[in-house]
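Colleague: Here is what each chain is made of, one letter per residue.
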Amino acid sequence: MTKETTQQVNFRVFRFNADEDYLPYYQNYNMEVTSKEVILDILNKIRDQDSSFSYSRNCSLSSCEDCAVKINGRPTLACKESVKAMIELFGSELTIEPLSKKRAIRDMIIDKSDFLEKYDSIKPYNISNGNEYLKESNEMQELSEIDSCVTCGVCYYSCPVVEVNEDFLGPAAFVKAYYFETGVRDETHRQRIEDLHREKEGLWDCVKCYECAEVCPSGVDPIGKMTKLHNMLYKEGDATSSVATSHIANIKDSIGKHGILAQLGSLSNLSATMKMYKKGKTAKPWSVPASGNLDEIQKLIESSSTSKF
Amino acid sequence: MKKLKYALFTGCTAKQSTPEQMMSTLAVAKKLNIELIELTEASCCGASHLQDYDDFLSLVLNARNIAYAEKHELTMVTICNTCQLNTAMTKYRLDNDEELKAKVNEKLLEVGLEYKGTSMVTHFLYAIIDDVGLDKIKEMVVKPLSQFNIAPFYGCHNIRPSELQNTTHKTSQNPYNPTSLDDLIIACGGKNVDYEQKNKCCGFHAELQAPKTASILAGTAIAGATDGNADWMVTPCPLCHIKLDTQMAESSKAVGRDLKLPVLHMQQMIGLALGCKTSELGLNHHVSEVNFI
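Top to bottom, those sequences are chains A and B.
In this text, residue positions in the first sequence follow my numbering: the first is 1, and each later residue adds one.
In this text, residue positions in the second sequence follow my numbering: the first is 1, and each later residue adds one.
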């Protein structure tokens, strides 16, 4: 067994009471921590020192969403995260904040209604007429990976698109939609797929930052599931006539013609494209250099394509 | 110094939209005695969108690119974060799934190629840090950038997902507090600016379908660097560069600030410190003008 060690750490803790405070502030708690403690132990200790400090906790087994917080900007479940690991990552000055500062009600407690409403909107439950279906084992494996999602909202409140576009459904809802869309039991199929396709709300607005894959405390890989939902939209012919789908069509066409992309100037933004052109930044679309052995690329597109527009 | 040799996957952007990045890569490689064999046969990596349309096709095309690096028996070096992510992700999946690898190789065999898994795929930033070494860079600096506050902008596909990214280089990075680019700025004699958005998203990959989202993200990043007193920003990703450099007006409008900050490629920064001629670094190709030289 590894020996228990102790260390002095300064915790800079977000404080805010929506009923009393005009602005949030940070309070410092300097304390000795042991190498065996998790962040939730620290929250408990702060509470012991200061009864006005608010946070939520429940299972302490990383099986529920209650204790999610951010440590130096990194969202996590407090009951799971070792203090030692955080010191190794960030040093002995640790900042503890709620998952979303702008939705704070009291200290670590936030109003999650935006997350929960969007999550509910994709109908995160099985809808069937009571028919029985057999599940294949490979399907079970994938579904059980998603089953480990505890709807903690960590991916949702780490998503930069959610931060700037209040209509975006966010990673957790997409993951759950995929769960039911890919499973054999649910019988409403088309309905959810159409919801996922909507502009501003749907999948296409993802910026591909991989924040959700990085933060998920349950290893669900939300963006990986979103890729599979995208694949599903194409396979079933739902991915039609949006800016995003025509962009992908252009990418594929260009790879087929030149091996590389013909133009990366922003065609929807003529003014930016003109500025780039003036600075010699956009190559002329009529003189794109082709990849060597282009015939191989064309042959592979022909033989390996699994989707159709 | 022993001559280092890599297979260079330029990606589409360096060829088509950021000629200055291509020039400065070659200029810096020459200074550092690095030989780059350009993979002229390579195709686009799928630009982080092709896999949404057709995951298998994306794997096959990326595996073909890596197969060419393997033919040269060289590590593949990328100079675009998105190329790095898509290529390294392909390698990771094929190296960990024999069945998938066999399926992909069945297709590659039709054009006389094979993916073996023998070549590493690493970003030029980490080739410099791991193989050249920051001490060597420090030693070679002839024009230290000591008068500049430089804001590093890492780009998502350089640091996330860390489980994958940290298999592609020796210098392990914490995506919530990456240091590689900061360390490079310091090695070049500059002062690194610490600001909240250094590891955040520039919005590039959503700019066609969600221009407002993209511009707010880019604008917030430039504003963060400006408030940190940066004289300029530096990035290892040409896509981040395009978003930040060429759409300063849109970013300004989105966040209600008058933003104006040069955004250099990592290679241009190294080139300046190592004494490359400015004409070799293509500083005239920037939309947000580089006015400090």
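Hints listed in this document are in silico derivations from the structure and should not be mistaken for laboratory results.
The beta-carbon is built from N, C-alpha and C at its ideal position, and this holds for glycine as well.
Wrong hints could be hidden among the right ones.
No farther apart than 25 Å at their CA atoms in a straight line, the calculated lysine-lysine pairs in the PhoX-like style are these [what the hints assert, rightly or not]:
| id | chain 1 | residue 1 | chain 2 | residue 2 |
| --- | --- | --- | --- | --- |
| 1 | B | Lys101 | A | Lys275 |
| 2 | A | Lys278 | B | Lys170 |
| 3 | B | Lys103 | A | Lys235 |
| 4 | A | Lys252 | B | Lys101 |
| 5 | B | Lys101 | A | Lys235 |
| 6 | A | Lys84 | B | Lys101 |
| 7 | B | Lys212 | A | Lys200 |
| 8 | B | Lys103 | A | Lys308 |
One-sided and incomplete, this derived list gives chain A residues near chain B with beta-carbon spacing under 10 Å [claimed, not checked]:
| id | residue |
| --- | --- |
| 9 | Lys45 |
| 10 | Arg47 |
| 11 | Gly73 |
| 12 | Ile87 |
| 13 | Leu203 |
| 14 | Tyr234 |
| 15 | Gly237 |
| 16 | Ser242 |
| 17 | Gly259 |
Colleague: Indicate, hint by hint, whether the structure satisfies it.
Modeller: Tested hints:
Using a Cα cut-off of 25 Å, the hinted pair lysine 101(B) and lysine 275(A) is violated, with the two alpha carbons roughly 44 Å apart. This hinted pair does not check out: lysine 278(A) and lysine 170(B) have alpha carbons roughly 40 Å apart, beyond 25 Å. Taken as a hint, the lysine 103(B) and lysine 235(A) pair is honoured in the structure, with Cα atoms around 20 Å apart against an allowance of 25 Å. With a CA separation close to 22 Å, the supplied pair lysine 252(A) and lysine 101(B) stays within the 25 Å bound.
The hinted pair formed by lysine 101(B) and lysine 235(A) meets the criterion: a straight-line CA distance of about 23 Å does not exceed 25 Å. For the given pair, lysine 84(A) sits about 39 Å from lysine 101(B) by alpha-carbon distance, which is inconsistent with the 25 Å threshold. Using a Cα cut-off of 25 Å, the hinted pair lysine 212(B) and lysine 200(A) holds, with the two alpha carbons roughly 10 Å apart. As the CA atoms of lysine 103(B) and lysine 308(A) are separated by approximately 20 Å, the hinted pair is consistent with the 25 Å bound.
Among the interface hints, the one on lysine 45(A) is violated; its C-beta lies about 24 Å from the nearest C-beta in chain B, farther than the 10 Å criterion. Hint status for arginine 47(A): violated, given a least beta-carbon distance of 26 Å to chain B, over 10 Å. Given hint, glycine 73(A) at the interface with chain B, holds; its Cβ is 6 Å from that chain's nearest Cβ, closer than 10 Å. Taking 10 Å as the C-beta cut-off, the interface hint given for isoleucine 87(A) is violated, the closest approach to chain B being about 12 Å.
The restraint placing leucine 203(A) at the interface with chain B holds, with a minimum CB-CB distance near 8 Å, inside the 10 Å limit. Among the interface hints, the one on tyrosine 234(A) holds; its C-beta lies about 5 Å from the nearest C-beta in chain B, closer than the 10 Å criterion. For the restraint placing glycine 237(A) at the interface with chain B, the shortest Cβ-Cβ distance is roughly 13 Å, beyond the 10 Å limit, so the hint is violated. Because the closest C-beta pair between serine 242(A) and chain B is about 7 Å apart, less than 10 Å, the hint holds.
A distance limit of 10 Å between C-beta atoms decides the matter here; for glycine 259(A) the minimum to chain B is near 4 Å, and the interface restraint holds.
Checked against the numbered hints listed earlier, the structure breaks hints 1, 2, 6, 9, 10, 12 and 15; every other hint is satisfied.
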